[in-house]
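Residue strings, one per chain:
Number of protein chains: 2
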Amino acid sequence: MKKYGFGVDIGGTTCKIGLFETTGQIIDKWEIPTNTAEEGKNILSDVAASLKAKMTEEGIKKDEVEGIGVGIPGPVRGGGSVSVCVNLGWKNVHVPKELEEMMDGIMVRAGNDANVAALGEMWQGGGKGYENVVMVTLGTGVGGGIIVGEKIVAGSNGAGGEIGHLTVNPHDTIACNCGRKGCLEQYASATGITRLAKERLAKEHETSSLDTAEEISAKAVFDAYKEGDKIAAEIVEKFAGILGKALSNIACVVDPEIFVIGGGVSKAGDVLIDAVKKYYVEAAFPSCKDTRFALASLGNDAGMYGCVKLILGE
Amino acid sequence: MKKYGFGVDIGGTTCKIGLFETTGQIIDKWEIPTNTAEEGKNILSDVAASLKAKMTEEGIKKDEVEGIGVGIPGPVRGGGSVSVCVNLGWKNVHVPKELEEMMDGIMVRAGNDANVAALGEMWQGGGKGYENVVMVTLGTGVGGGIIVGEKIVAGSNGAGGEIGHLTVNPHDTIACNCGRKGCLEQYASATGITRLAKERLAKEHETSSLDTAEEISAKAVFDAYKEGDKIAAEIVEKFAGILGKALSNIACVVDPEIFVIGGGVSKAGDVLIDAVKKYYVEAAFPSCKDTRFALASLGNDAGMYGCVKLILGE
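Just so you know, the sequences run in chain order A and B.
Quick note, the first sequence lines up with residues 228 to 541 if you use the numbering used here.
Quick note, the second sequence lines up with residues 228 to 541 if you use the numbering used here.
The hints are simulated quantities; they were obtained by calculation from the structure and are not laboratory data.
Hints may be right or wrong, so weigh each one.
Same chains, same names: a pair is fine if it fits in one copy or spans any two.
[Said to hold, decoys possible] No farther apart than 20 Å at their CA atoms in a straight line, the calculated lysine to aspartate or glutamate pairs in the EDC-like style are these:
1. Lys408 x Glu509
2. Lys318 x Glu266
3. Lys472 x Asp399
4. Lys505 x Glu327
5. Lys472 x Glu454
6. Lys378 x Glu484
7. Lys256 x Glu454
8. Lys472 x Glu509
9. Lys268 x Asp517
10. Lys446 x Glu291
11. Lys472 x Asp517
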């Protein structure tokens with residue numbers, strides 16, 4: 228194994244780049260803007276220029292670099308090619324082929340950003356020490372990543388780990404962004420928790436500190452919950468019930484060793500894990516009741532870590 | 228690769244044994260009784276004696292045998308050890324270690340019977356040509372097997388592919404065999420379809436050929452459905468709706484290339500696939516709508532095939 232690896236997590240606005248030792252130690256990290264103009268044709272060359280500048284700066288030679296892992300905000304095929312990536316303006320970009328050429332043959336691998344973040348958390352984050360991990364990212368939406376035997380389950384259409392779109396309420400009348408109704412994301416994301424809160428507050432209720440909150444948000448709900456607010460507790464229980472049951476269904480499919488919960492909503496901390504786990508245990512198939520839960524620990528760096536793990540043969 | 232392999236599918240009553248060429252061609256198959264007396268202590272030695280007799284009979288030498296794959300009717304740990312198998316009376320049996328010793332060092336691998344059947348269907352059955360397969364077995368219960376990249380997803384507690392226990396109706400009042408309520412198995416197994424039929428027939432309805440059926444069974448329902456019976460159609464639609472939606476949720480987790488449907492109920496044939504697929508497509512996440520469906524084609528031999536595939540490095 229060579230000494231260094233690069234992780235490049237390409238987002239719609241910025242590319243987060245990290246220089247790592249292949250042992251998992253991060254040495255340096257920085258960002259460059261993502262230039263999506265002209266169908267994003269300069270994105271990979273901008274990345275290549277930045278990597279080369281860093282190598283020169285640090286005196287790192289080409290044959291000291293094991294490879295470059297790249298995270299893409301959209302579906303990625305097995306070999307690392309992207310047919311369409313709306314967030315970058317890309318059509319038919321073969322990431323490893325193009326970037327390897329720009330980087331004088333240094334090996335490149337690419338994966339979907341949510342999946343590489345899951346891989347990163349497995350490698351050096353909340354799932355460290357485990358090989359079979361389900362990562363759940365509770366942000367504006369609900370994302371996920373399935374890791375089995377240290378490998379990403381990308382899925383045949385790139386939809387592996389699209390757990391935000393598990394149908395949890397077929398009777399829902401409001402549409403999800405995906406066009407369907409009753410997706411997990413509509414209840415367990417920051418947006419979903421806000422919705423649950425507004426619905427509850429619109430009904431008859433005891434006085435709640437949320438009544439006078441400046442803004443109803445997932446954070447406000449969890450803050451009130453920690454202060455002992457009863458209405459906030461009802462909202463959290465509803466969220467946790469829906470998510471816990473959904474995770475119990477996931478366990479009947481891939482039966483992970485651990486669920487790692489990340490994303491903005493997870494900043495609520497252990498109280499969130501405790502609430503979700505309670506409903507998970509209640510709903511879980513008997514042999515899966517002891518599955519572990521942990522908070523993600525790498526934050527926005529998870530993708531970079533996972534990109535590096537990608538080039539280590541996952 | 229050596230020329231021959233053995234597949235040994237151990238059931239609670241008989242062991243189904245197959246001699247294969249490692250190309251996938253079956254040469255011979257036979258059965259021996261499973262002797263569960265004395266905590267099943269003679270099962271593996273009976274198997275070894277039968278395999279040796281066959282090798283002598285066919286003039287096959289030890290170094291012409293790639294290995295022996297074994298299917299077990301219960302949870303199997305990664306290395307092939309079994310902590311408890313109620314169906315065989317086993318406690319703490321390390322299948323590869325014990326059988327290898329009896330077979331003079333021929334390599335042995337073991338897996339759960341439902342999982343190896345899925346692997347068999349992927350290798351030489353309804354899922355041939357695909358690497359990412361979800362097998363659904365509709366029998367007395369509902370079993371399953373998840374194959375990702377030609378490998379079984381066994382799960383950390385042996386519960387990978389336990390899709391019969393996905394919760395599909397949290398409001399169910401009747402308990403499943405697993406102790407929980409509203410499992411897929413309660414609706415989509417032969418028993419479940421019979422239940423749906425009896426519930427429907429107990430309600431007000433137009434005349435149905437099922438009213439005069441000798442016995443209400445999944446087969447009777449599908450036979451009546453094929454004859455155009457309206458009440459049978461309602462029952463089939465209800466079954467297909469529940470199963471189709473459950474499969475759409477599985478697709479959001481592992482996103483297979485193909486669903487392979489087997490088990491006794493699948494003898495209903497293409498009409499079953501058509502009904503389930505209709506609801507699957509309706510419920511599926513957009514990028515998964517084109518996932519293929521096929522009937523299993525190896526019947527009770529699927530396990531033997533999968534056992535052989537196990538020893539070929541899956």
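Comparing the hints with the structure gives:
Only between protomers do lysine 408 and glutamate 509 lie at most 20 Å apart by alpha-carbon distance; the minimum there is 11 Å, versus 25 Å within a single protomer. Taking CA atoms no more than 20 Å apart as the test, lysine 318 paired with glutamate 266 passes inside one copy only; the shortest distance there is 8 Å, against 61 Å between copies. Taking CA atoms no more than 20 Å apart as the test, lysine 472 paired with aspartate 399 passes in both settings, with 17 Å inside one copy and 15 Å between copies. Taking the shortest Cα distances, lysine 505 and glutamate 327 never come within 20 Å of each other, neither inside one copy (47 Å) nor across copies (44 Å).
Taking the shortest alpha-carbon separations for lysine 472 and glutamate 454, neither the intra-copy value of 26 Å nor the inter-copy value of 40 Å comes in at or below 20 Å. Proximity of lysine 378 to glutamate 484 under the C-alpha cut-off of 20 Å is found in both arrangements, the shortest distances being 14 Å within a copy and 18 Å between copies. When the C-alpha separation of lysine 256 and glutamate 454 is checked against a cutoff of 20 Å, the pair qualifies neither within a copy, at 37 Å, nor between copies, at 68 Å. Proximity of lysine 472 to glutamate 509 under the C-alpha cut-off of 20 Å is restricted to the intra-copy arrangement: shortest distance 8 Å within a copy versus 23 Å between copies.
Taking the shortest Cα distances, lysine 268 and aspartate 517 never come within 20 Å of each other, neither inside one copy (48 Å) nor across copies (30 Å). In this assembly of identical chains, the alpha carbons of lysine 446 and glutamate 291 never lie at most 20 Å apart, being 44 Å within a copy and 65 Å across copies at closest. In this assembly of identical chains, the alpha carbons of lysine 472 and aspartate 517 lie at most 20 Å apart only when taken from the same copy (15 Å versus 27 Å across copies).
When each numbered hint is compared with the structure, violations occur for hints 4, 5, 7, 9, 10.
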